[in-house]
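A.B. asks: One-letter residues, chain by chain:
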Amino acid sequence: MSVKPDPVALAGAKAKGRRPWFLEHPDTERLMNITLALVQEVSVMRERMDTIERLLARGETVSAAAIDAYEPTKSEADARGLWTQEYLARIFRILQQDREAIARGEEASSEDIAEEFARTD
Amino acid sequence: MAVSQDAGATEGYSGPPDYRVVGRHGVYPETTHDEIARFNFLAQMNRHLSTHLMLGVGEAFAARVEPAFTAKNKRSFKDRHEVRKALTGDPAFQWWSALRRATMETRQQAGRWVTIRQADALNAKVAKLTKGDKRLKLDPKLKLPRGVSAIDHHCMPGSYHTELSPGDVTGPANYDAGIFATTGGMLGRFNDGGGVAVAEWVRRVLGADFKPKRILDIGCGLGHNVLPIAAAFPDAEVIAVDVAAPMLRYGLARAKSMGIENVTFVQADVADLSAFEDESFDWVQSTMFLHETSYKTMPKIFAETRRLLRPGGIVLHVEQPQYTAAMPLFEQAMRDWDAFYNNEPFWTKMHEIDLDAWMKAAGFGDNQLIHDGVSAVVDKSVFPDAADEKGEDYGRKAAWHVVGAKKVA
Numbered sequence: 069m070s071v072k073p074d075p076v077a078l079a080g081a082k083a084k085g086r087r088p089w090f091l092e093h094p095d096t097e098r099l100m101n102i103t104l105a106l107v108q109e110v111s112v113m114r115e116r117m118d119t120i121e122r123l124l125a126r127g128e129t130v131s132a133a134a135i136d137a138y139e140p141t142k143s144e145a146d147a148r149g150l151w152t153q154e155y156l157a158r159i160f161r162i163l164q165q166d167r168e169a170i171a172r173g174e175e176a177s178s179e180d181i182a183e184e185f186a187r188t189d
Numbered sequence: 003m004a005v006s007q008d009a010g011a012t013e014g015y016s017g018p019p020d021y022r023v024v025g026r027h028g029v030y031p032e033t034t035h036d037e038i039a040r041f042n043f044l045a046q047m048n049r050h051l052s053t054h055l056m057l058g059v060g061e062a063f064a065a066r067v068e069p070a071f072t073a074k075n076k077r078s079f080k081d082r083h084e085v086r087k088a089l090t091g092d093p094a095f096q097w098w099s100a101l102r103r104a105t106m107e108t109r110q111q112a113g114r115w116v117t118i119r120q121a122d123a124l125n126a127k128v129a130k131l132t133k134g135d136k137r138l139k140l141d142p143k144l145k146l147p148r149g150v151s152a153i154d155h156h157c158m159p160g161s162y163h164t165e166l167s168p169g170d171v172t173g174p175a176n177y178d179a180g181i182f183a184t185t186g187g188m189l190g191r192f193n194d195g196g197g198v199a200v201a202e203w204v205r206r207v208l209g210a211d212f213k214p215k216r217i218l219d220i221g222c223g224l225g226h227n228v229l230p231i232a233a234a235f236p237d238a239e240v241i242a243v244d245v246a247a248p249m250l251r252y253g254l255a256r257a258k259s260m261g262i263e264n265v266t267f268v269q270a271d272v273a274d275l276s277a278f279e280d281e282s283f284d285w286v287q288s289t290m291f292l293h294e295t296s297y298k299t300m301p302k303i304f305a306e307t308r309r310l311l312r313p314g315g316i317v318l319h320v321e322q323p324q325y326t327a328a329m330p331l332f333e334q335a336m337r338d339w340d341a342f343y344n345n346e347p348f349w350t351k352m353h354e355i356d357l358d359a360w361m362k363a364a365g366f367g368d369n370q371l372i373h374d375g376v377s378a379v380v381d382k383s384v385f386p387d388a389a390d391e392k393g394e395d396y397g398r399k400a401a402w403h404v405v406g407a408k409k410v411a
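Protein sequence lines correspond, in order, to chains L and C.
Note that the numbering used here gives residue 177 to position 109 of the first sequence, counting from 1, and the numbers run on in steps of one.
Note that the numbering used here gives residue 148 to position 146 of the second sequence, counting from 1, and the numbers run on in steps of one.
Calculated directly from the structure, the hints in this document are not laboratory data.
If you're wondering where the values come from, they're calculated on a predicted model, not measured in any experiment.
Away from chain L, derived, C-beta distances all over 12 angstroms, residues of chain C:
(1) G134
(2) I262
(3) A270
(4) E354
Derived DMTMM-like pairs: lysine to aspartate or glutamate, alpha-carbon spacing no greater than 25 angstroms straight-line:
(5) L:K84 with C:E346
(6) L:K142 with C:D381
(7) C:K74 with L:E92
(8) L:K142 with C:E37
(9) C:K139 with C:D122
(10) L:K82 with C:E37
(11) L:K142 with C:E32
(12) C:K408 with C:D374
(13) C:K298 with C:E346
(14) C:K382 with L:E154
(15) C:K382 with C:E394
(16) C:K362 with C:D271
Every beta carbon over 12 angstroms from chain C, so not counted as near; a handful from chain L, in silico:
(17) T129
(18) A176
(19) A186
(20) R187
(21) D189
Ideal placement from N, C-alpha and C gives every residue a C-beta, glycine not left out.
Throw the hints in and build the complete structure from the sequences for me.
C.D. replies: Quick look at the structure:
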């Protein structure tokens with residue numbers, strides 16, 4: 069009898085070819101990968117909650133089967149898409165601010181400004 | 003007030019549609035609510051990468067990377083590799099890259115979970131549809147070319163060819179189910195926006211006089227690009243060739259379940275198409291395939307396509323644009339990302355050559371060459387339009403270059 073492929077183990081299999089790493093320290097990148105997986109799963113849970121709310125609003129019975137069969141209308145789908153975009157903007161705020169810092173160029177630090185404000189000459 | 007109750011919140015929404023708009027043909031994997039939600043997240047994540055974080059890379063390049071390089075070396079960049087290597091030291095590039103690679107790996111995991119958990123059912127459905135069908139011609143003795151065996155393309159574990167069990171189709175089913183997430187829905191309901199565009203291009207440019215009797219698609223994968231061509235020319239006999247048996251099996255079952263009956267799926271190495279007679283095709287097509295071959299294979303492909311074409315026939319290769327002197331080095335470096343960081347190694351080498359010269363070396367005359375551009379044709383009421391979409395995804399944008407030739411009569 070052949071052994072049935074194990075989807076849990078195989079889903080996350082490594083692709084052939086040496087993996088490139090990008091961040092200064094590999095552990096930072098490992099943590100980033102774990103965090104991204106959590107970011108995904110929070111998004112999945114939120115979508116499930118949203119589906120349950122919408123089924124209830126439609127007066128339908130909430131069951132696992134009803135959740136799997138749920139079809140959003142175009143405007144519902146757009147609202148959910150927009151929520152995910154807002155969510156990603158919240159998650160990646162720090163990278164947005166990195167971009168804004170580039171646009172601002174050199175900025176004075178609070179320490180510099182404190183010294184400036186303390187001058188009496 | 004929650005977004006869900008705010009009717010005005012969706013006005014002007016721009017982005018991927020909900021995954022549930024995908025076309026579910028007869029062998030499409032089943033998906034639970036949460037599996038769909040995962041694909042929805044990944045499509046939005048890819049959009050965030052291309053419309054926000056990638057723009058930051060360009061800004062960092064202009065503000066930091068290029069000035070630092072010029073100051074240090076007293077000259078500007080001489081090629082795209084210098085640009086890319088300089089970028090790898092910048093946090094904007096590092097974080098965008100780390101997240102883009104992670105998103106691709108996560109997308110593979112999401113799709114593999116969906117398909118491998120239902121492997122038995124999927125494989126049985128495909129076996130039932132293809133059993134005894136003469137339109138599936140497999141060659142178990144075929145030696146896998148190094149172009150496929152060397153590395154798992156686009157981080158797809160097992161690449162196109164691996165079978166987890168006899169008759170396995172989980173690989174192609176994963177490709178089919180997950181490409182929506184990678185492209186943010188840019189390829190349309192059946193991931194066929196590229197093929198539809200090519201079929202429309204042929205109709206428009208060659209006109210009603212062009213009535214192909216036999217069409218060859220090389221490197222067909224699971225056939226998503228050739229089916230719209232087969233559908234547009236229903237009287238043509240279409241032969242789709244690939245080295246990977248799982249793709250061909252799934253491809254035939256998928257085509258049949260979509261009511262497209264004029265495609266035969268043949269397992270062969272495109273470097274040797276000697277099974278087909280001289281001048282036996284009116285049209286030879288490849289779509290996003292040349293970049294998965296090699297410098298040794300490409301001349302063979304060009305020579306074989308010329309041999310196979312009837313006089314008056316056409317060959318069309320659809321690819322991302324070549325790197326030319328007119329393309330900024332920064333853009334070239336960004337377009338190279340998938341080559342170095344998404345397991346598409348030949349991408350960088352393929353895109354730097356003079357394709358015209360290679361076509362001419364295979365015997366096509368200067369005046370026979372074809373150049374044009376196409377972008378994905380999708381139902382714009384549902385899917386984002388690649389031609390209009392803001393942001394830039396470089397090598398992944400659903401807009402391509404057509405390089406080809408017409409064999410003189």
